[in-house]
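Quick note, the sequences are listed as chains D and Y, same order.
Quick note: the first sequence uses my numbering, first residue 1, plus one each step.
Quick note: the second sequence uses my numbering, first residue 276, plus one each step.
In case anyone wonders, no lab produced these hints; they're calculated from the structure.
Where a beta carbon is used, it is the ideal one built from N, C-alpha and C, also for glycine.
Treat the hints with caution; some may be incorrect.
What the hints assert, rightly or not - Okay, the calculated bits of chain Y under chain D, using three or more residues with CB under 8 Å as the criterion:
#: 1; stretch: 278 to 286
#: 2; stretch: 336 to 343
#: 3; stretch: 348 to 362
#: 4; stretch: 448 to 461
#: 5; stretch: 493 to 503
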Amino acid sequence: MAEIVSLAEAIAATVHDGDTVAMEGFTHLIPHAAGHEVIRQRRRGLTLIRMTPDVIYDQLIGAGCAGKLVFSWAGNPGVGSLHRFRDAVENGWPVPLEIEEHSHAGMANRYVAGASGLPFAILRGYRGTSLATQTSGVAEIVCPFTGERLTAVSALRPDVTVIHAQQADRHGNVQFWGITGVQKEAVLAAARSVVTVEEVVGEFTPRPGAVVLPAWTVGFVAVVPGGAHPSYAQGYSSRDNDFYVAWDAISRDRAHFAAWLDQHVYRLTATGEPR
Amino acid sequence: MSYTSDEMMTVTAARVLTDGMTCFVGIGLPSEAANLARATHAPGLVLIYESGTIGAKPTALPLSIGDGILAETADCVVGVPEIFNYWLQPGRIDVGFLGAAQLDRFGNINTTVIGADYADPAVRLPGAGGAPEIAAACREVIVIIRQSLRTFVERVDFVTSVGFGTGPGTRDELGLTGAGPRRVITDLGVLEPDPGTLELTLTGVFPGVSVAAAQDRTGWDLKVSADLAQIAAPTQAELTALRRLRATMPAGPEPAARVPAQPGAPAQPGAGSVPAALPPSEGAA
Numbered sequence: 001m002a003e004i005v006s007l008a009e010a011i012a013a014t015v016h017d018g019d020t021v022a023m024e025g026f027t028h029l030i031p032h033a034a035g036h037e038v039i040r041q042r043r044r045g046l047t048l049i050r051m052t053p054d055v056i057y058d059q060l061i062g063a064g065c066a067g068k069l070v071f072s073w074a075g076n077p078g079v080g081s082l083h084r085f086r087d088a089v090e091n092g093w094p095v096p097l098e099i100e101e102h103s104h105a106g107m108a109n110r111y112v113a114g115a116s117g118l119p120f121a122i123l124r125g126y127r128g129t130s131l132a133t134q135t136s137g138v139a140e141i142v143c144p145f146t147g148e149r150l151t152a153v154s155a156l157r158p159d160v161t162v163i164h165a166q167q168a169d170r171h172g173n174v175q176f177w178g179i180t181g182v183q184k185e186a187v188l189a190a191a192r193s194v195v196t197v198e199e200v201v202g203e204f205t206p207r208p209g210a211v212v213l214p215a216w217t218v219g220f221v222a223v224v225p226g227g228a229h230p231s232y233a234q235g236y237s238s239r240d241n242d243f244y245v246a247w248d249a250i251s252r253d254r255a256h257f258a259a260w261l262d263q264h265v266y267r268l269t270a271t272g273e274p275r
Numbered sequence: 276m277s278y279t280s281d282e283m284m285t286v287t288a289a290r291v292l293t294d295g296m297t298c299f300v301g302i303g304l305p306s307e308a309a310n311l312a313r314a315t316h317a318p319g320l321v322l323i324y325e326s327g328t329i330g331a332k333p334t335a336l337p338l339s340i341g342d343g344i345l346a347e348t349a350d351c352v353v354g355v356p357e358i359f360n361y362w363l364q365p366g367r368i369d370v371g372f373l374g375a376a377q378l379d380r381f382g383n384i385n386t387t388v389i390g391a392d393y394a395d396p397a398v399r400l401p402g403a404g405g406a407p408e409i410a411a412a413c414r415e416v417i418v419i420i421r422q423s424l425r426t427f428v429e430r431v432d433f434v435t436s437v438g439f440g441t442g443p444g445t446r447d448e449l450g451l452t453g454a455g456p457r458r459v460i461t462d463l464g465v466l467e468p469d470p471g472t473l474e475l476t477l478t479g480v481f482p483g484v485s486v487a488a489a490q491d492r493t494g495w496d497l498k499v500s501a502d503l504a505q506i507a508a509p510t511q512a513e514l515t516a517l518r519r520l521r522a523t524m525p526a527g528p529e530p531a532a533r534v535p536a537q538p539g540a541p542a543q544p545g546a547g548s549v550p551a552a553l554p555p556s557e558g559a560a
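Just chain D, with the same shape it has in the complex (with noise of 0.2 Å):
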């Protein structure tokens, strides 16, 4: 049943130094603040799995805090490159990191296999690439009905997963709208979750489209308002695309990155004030 407690003690209580950790968003509802946090406590040796490891992961990585990237699509949308990402591939800074690397269907069907109680998910895909030859987690299947060759991914069970919502009940049921990605699936795929949320209610008002999660299948909820910035919750938020613009530059040096990451993030607690 979910707990409705602060940012901080939602991420101490879940995630820890080594565990493999899912932060899920689809350029909508990304949690940077959940992000923020984890950096904040300084947890190292972080398995990172996010299907589009944009901006909210390049801080991680930059932070120091993981040795694995689990991907399928690493850049800043719609500006470049992820600076502190490639950093640590090509050079080993901070840290030496670790990539698995996928499609977009490939990793959202290894996210269903988790949610599903399954050890791999089956799509047409991967068959030719070279991914198939450099990446663990694929293999080729016979459908034991057809005979048609098709493709094996294994499922992701992550530790945790972090993901952001509009809204939350006093009960600890979440609920979100708008693009909603893949963050059902990673949060039932999960042994753990956080999901930070704009705001509580009183009562749920029904959205097409909506996706709802009971609160039995949510381990902790904190309000964070605003939260997902720079990405947005549609109703609450715009995405600010200047700051994703903005990232270029602050990311393309490590001097430049570490003042950034040290005034916005270590000199803040998590509720935005000064410590």
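Got chain D; can you put chain Y on it based on the hints?
Positioned in the frame of chain D, the structure of chain Y alone reads:
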């Protein structure tokens, strides 16, 4: 009316899209082309973004594949597993746009690494996003890429997405259900696969572009169609509509790496993202 090579590429891509088509769109030039077609000759074009927005009707050009305006104007919004499994994989989508950091003579695409050693790449690119399955399952694929000796290579360093593999028969052997890259639009003209060999062949050139110029910027012995077309410059109506659309784009990234001039300047996810260059994917994000 003068125009840029980006505008020529966008207009050329838009002309290919017909009313009622379903189109898997990435950010940057593909999104501009699809929205230009919708604003002009193809009002019923169905735009599908890998963020799960089906039938999006943005009134302003989005900056990411997950902009709120896409969800707000869509016929429906589905989750990411569903967009790939229920919509893309069964072959429901007519055309998919892909970018590339490298492209070879059989239309195979690299958006992963530059350099022969995957473990120690010269340049790390964003990766696959949605591109491999778009390349496999869309009824046809349009590749948009700037042409140079760095991008048009004899062999790609890494096959992120399969075009025609090693030639006739590859797609059938692999069980790839779509028809593959039927058109490559560059800043010089258009290439299409030879009906027999499936080798990408120059079938059209933009105004003022010579065949020799196209061959000089190709890393293999580029064949030229006997029916080489001279592609018409953008009309005033096309340019006006395109510029009106672009004026709707909020201040922000000049769609960045729209089509990267060279590898190492990746742009967007996804669809994949359009991976390295015009990813369709954020990739989202």
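Evaluation of the provided hints:
1. 278 to 286: Contact hint for the stretch 278 to 286 of chain Y vs chain D: violated, 0 residues under 8 Å.
2. 336 to 343: Holds, because 6 residues of the stretch 336 to 343 of chain Y bring their Cβ atoms closer than 8 Å to Cβ atoms of chain D.
3. 348 to 362: Satisfied; 8 residues make the cut.
4. 448 to 461: Contact hint for the stretch 448 to 461 of chain Y vs chain D: holds, 4 residues under 8 Å.
5. 493 to 503: Coverage by chain D is violated for the stretch 493 to 503 of chain Y (0 residues, Cβ < 8 Å).
Violated hints, in rising order: 1 and 5; the structure is consistent with all others.
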